[in-house]
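Engineer: One letter stands for each residue in the lines below.
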Amino acid sequence: MEKSEHLDLYQQMVVIRILEGRSAELYQQGKIGGFLHLYIGQEAVSTGLISARKPQDRVITAYRDHGVAINCGISAKEVMAELLGKATGVSGGKGGSMHLADVNNNFWGGHAIVGSHLPIAAGLALGDVYQKQDGVTICMFGDGATNIGYFHEALNLSKVWKLPVLWVCENNQYGMGTTVERASAVSEIRQKADGYAMKNDNVDGMDIMKVREKALEMIEEIRSGSGPQFLEINTYRFRGHSMGDPERYRQQEEIRKWQENDPIGIYRRYLVEEKIASEEELNGEDKKANEIVEDAVHFAESSPEPAAEELFKNIYVEEGR
Amino acid sequence: MPEKTMVEAIRDAMDEELERDENVFIVGEDVGQRGGVFRATVGLFDKYGADRVIDSPLAELSIVGVGIGAALYGMKPICEIQFADFIYPAFNQIISEAAKMTYRSNGTWTVPMVIRAPYGGGIGGGLYHSQSVEAFFAHIPGLKVVIPSSPYDAKGLLKSAVRDPNPVIYLEPKKGYRLIKGEVPDEDYVVPIGPARVSRSGEDLTIFAYGMMHYYALQAAEQLEQEGYSAEVVDLRTIYPVDQKTILDSVKKTGKALIVHEDNLTGGYGGEIAAIIAEHGFHDLDAPVRRLAGPDVPAVPFSHPMQEWFMVNPEKIFKSALELARY
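The listed protein sequences derive, respectively, from chains A and B.
When we follow our numbering, the leftmost residue of the first sequence carries the number 19, and every step to the right adds one.
When we follow our numbering, the leftmost residue of the second sequence carries the number 12, and every step to the right adds one.
Just so you know, these hints were derived from the structure itself, not from any lab.
There may be inaccurate statements among the hints.
One side only, chain A facing chain B, incomplete, derived with CB under 8 Å [what the hints assert, rightly or not]:
#, residue
1, Leu-142
2, Tyr-148
3, Ala-172
4, Val-178
5, Ile-310
In this text the structure is predicted, and so the values were computed from the model without any measurement.
Every residue gets a Cβ at the ideal spot worked out from N, C-alpha and C, and that includes glycine.
Chain B on its own, in the form it takes in the complex:
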């Protein structure tokens, strides 16, 4: 099986879906001739033409709005937001329009669309090219929110997202685009939206994470093993609707939960996982639930050391997990 990077797997997924279904098209800033700012669509313009890989004006709300209209029409748009930080102008379109169309029309309108956006810090992008936006969208019934952490899942989940009849927010950990490599089959396969995955089996505690933080959590688990602790790692993959069963089964097994995300702590997505465990898994706990997240500052600052202080990394996860394991 060929080894690929995350961004190559994402590109392959779009290539195959464009090939499979003529109603699939891509729209976004510089996705066409330039191949995308992160090269996620490279080669697709030449292969499928300007009508299917559409360069848009620099206008995020319109990229999403046009996608919604085309999806209502029966098309399958893949809208690219160049950086997740730029998604806010489209917020109303996503929250008020895409997420509510099926509900408000009592099921007669459908919005089969994907909104892809690279998110997260650690690449020196500064305040407006590093943000994590998942918590905003994981609050909204009508949306599905998917975050892959491996090339295999990136391809399979994106293909599922394109085929899903509902609007899917597909967030790509951009620091992992070329850093994370893995085996990816050339053939067609899908990874279903919804189920989480136990990516490492363990006994002493569970680390819940997604995206880049899941990649780091696996590294932290290796380190923990050298200290004599066996960590289970759960990759949430779909954060809305979330797989409660896998979360609770793991807590039942290990009795300790560490929830990790890069987004800042307060009001972050980890609170939801903590609440699920508190409500439904309280009696399985041997220690208080822990959250490890970005600090509550407005954004990832530019300066290299400040960025390092902001970012959750394998070492920070290891330390937090070790404390929890020794509780």
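Here chain A stands alone, though its shape is the one from the complex:
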């Protein structure tokens, strides 16, 4: 990997961290409203994973999607404006936090109904098979989604039809406030893929280099015709399920233990120890990331609200499309 690529990935992670922190503040100020699910602690997962995709590879995820959108190339401005529901947001303010979407960056959402996007991912992958394209669909979901019917139908169907999908379970240990052990018959989620005779693996989601390496390997195997594969990425969200979560279900001790493994700290140490970048350079990246987010906040706050007539637009495909 080139140094510039490392610095880019590092910057993406820091942008996500700062953007999520600023979102939390704006939420507390009442400027966002609704529901807000932060990605803090899980930055290495999507940054590593998406760094392994090629432009033709599609990404689709669940509702904890701000970080994934940034990694897919949506600007912090468009993300932040969408969080504030502004006309300049990536979906013109119609989507909001959980429903970011951008076809130009091959980012297929942002889906709020747990597990509901998995069959859709299979359909996107069917498109590649049908059109004889070599794209891989990367479908991300949480551990909670693996207990719902969509998951099992989609895995089965993808295997039967040999669809080019990388199923990625971000196991952050909790479905809302319920631990994996209390909700899933198997605590190692990847075992569920065994039931569909699907090749599977797991990786430490706090270490971006490990995530990237594993993702590169699996995506290229799928591209070469292996059929679908399943990757469980173990991670931890540092914050509650959403901004409204009092977090009575977990101990401060547990949170501290995971935070010592901060994915940004791990990557930073790696970059310095491997002499890829100096502390000063990384501080410079932090500063740039901060500017990117502050610009985004300013852009979002100063953007107009959607016009009233937008309410009735795009219910159906508009004439002339």
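Take the given structure of chain A and dock chain B to it, following the hints.
Structural biologist: Quick look at chain B alone, frame taken from chain A:
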């Protein structure tokens, strides 16, 4: 012009659309090698191959979900749900995903897909092979809901549905699959989604119906004529978005409205037509609006006489219409 059955017309429409556009494909349970449980896709597997006429696992939500994904990709899927009664597992995919994709993405995503499902009773199917499901979907902006009542319309409307850039729910009155016959041109034509059709012109009252009930309404109108009453019959064809103008024009002309559907009465689609007439055509009315619908029981029971009691038929329509005409 050749005479065809409803199901033959539906098959022809799919055949022609598969031929016309390589992005069109069919997916569903046993649609391929078996040709569909009602034979609606017979011969298409041999003609277009397993890649375009795709046998799916028995998994309705996935049939629709995969269709949505493929449609987002730019394909034109025709998803077959074997019986409308089985559509409920796919409900979330249709309501929350297909119907909302264009809106939530502010127009950047489109879902050009058709979901076909045979619906309705009167075939001895019992509780889970007889249901009418149209009212659920006619409530959802983002969807279009189409119900043909003749072979000609079945072909033309299905071709329009395949070409429509939006998700279309296409409900087929399965009792009429082989019972209803009519002239169907061999050549390419479309019947636009949206407009209703005045299928019989009359003066004394209007019967509004769709699907199998429209077929019966025409028979009831014949009977009414023998009693000296002239009934206008309107085939709604597209129930969402509905053609308000044709409905109101007819009420203006006849002053009396009977709305007929097979689905049970309460919360049924007929309430919407009644509301349109009440809101916008009240001063044209010479009698209260009437609804004739299935009874408010959970489903069509199996026993033959019970099924008969449940089902709206030409005789019931005739009696209701006669009362209204004499009002």
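Engineer: Indicate, hint by hint, whether the structure satisfies it.
Structural biologist: How the hints compare with the structure:
1. The beta carbon of Leu-142/A is positioned within 8 Å of a beta carbon in chain B (closest approach about 4 Å), and the interface hint is therefore held.
2. Interface restraint check for Tyr-148/A: the shortest CB-CB distance to chain B comes to about 6 Å, inside 8 Å, so the restraint holds.
3. Nearest Cβ of chain B to the Cβ of Ala-172/A: about 6 Å, under the 8 Å cut. The hint holds.
4. Hint on Val-178/A holds. Least Cβ distance to chain B is approximately 6 Å, under the 8 Å limit.
5. Hint status for Ile-310/A: violated, given a least beta-carbon distance of 24 Å to chain B, over 8 Å.
Consistency note: the structure conflicts with earlier hint 5 alone.
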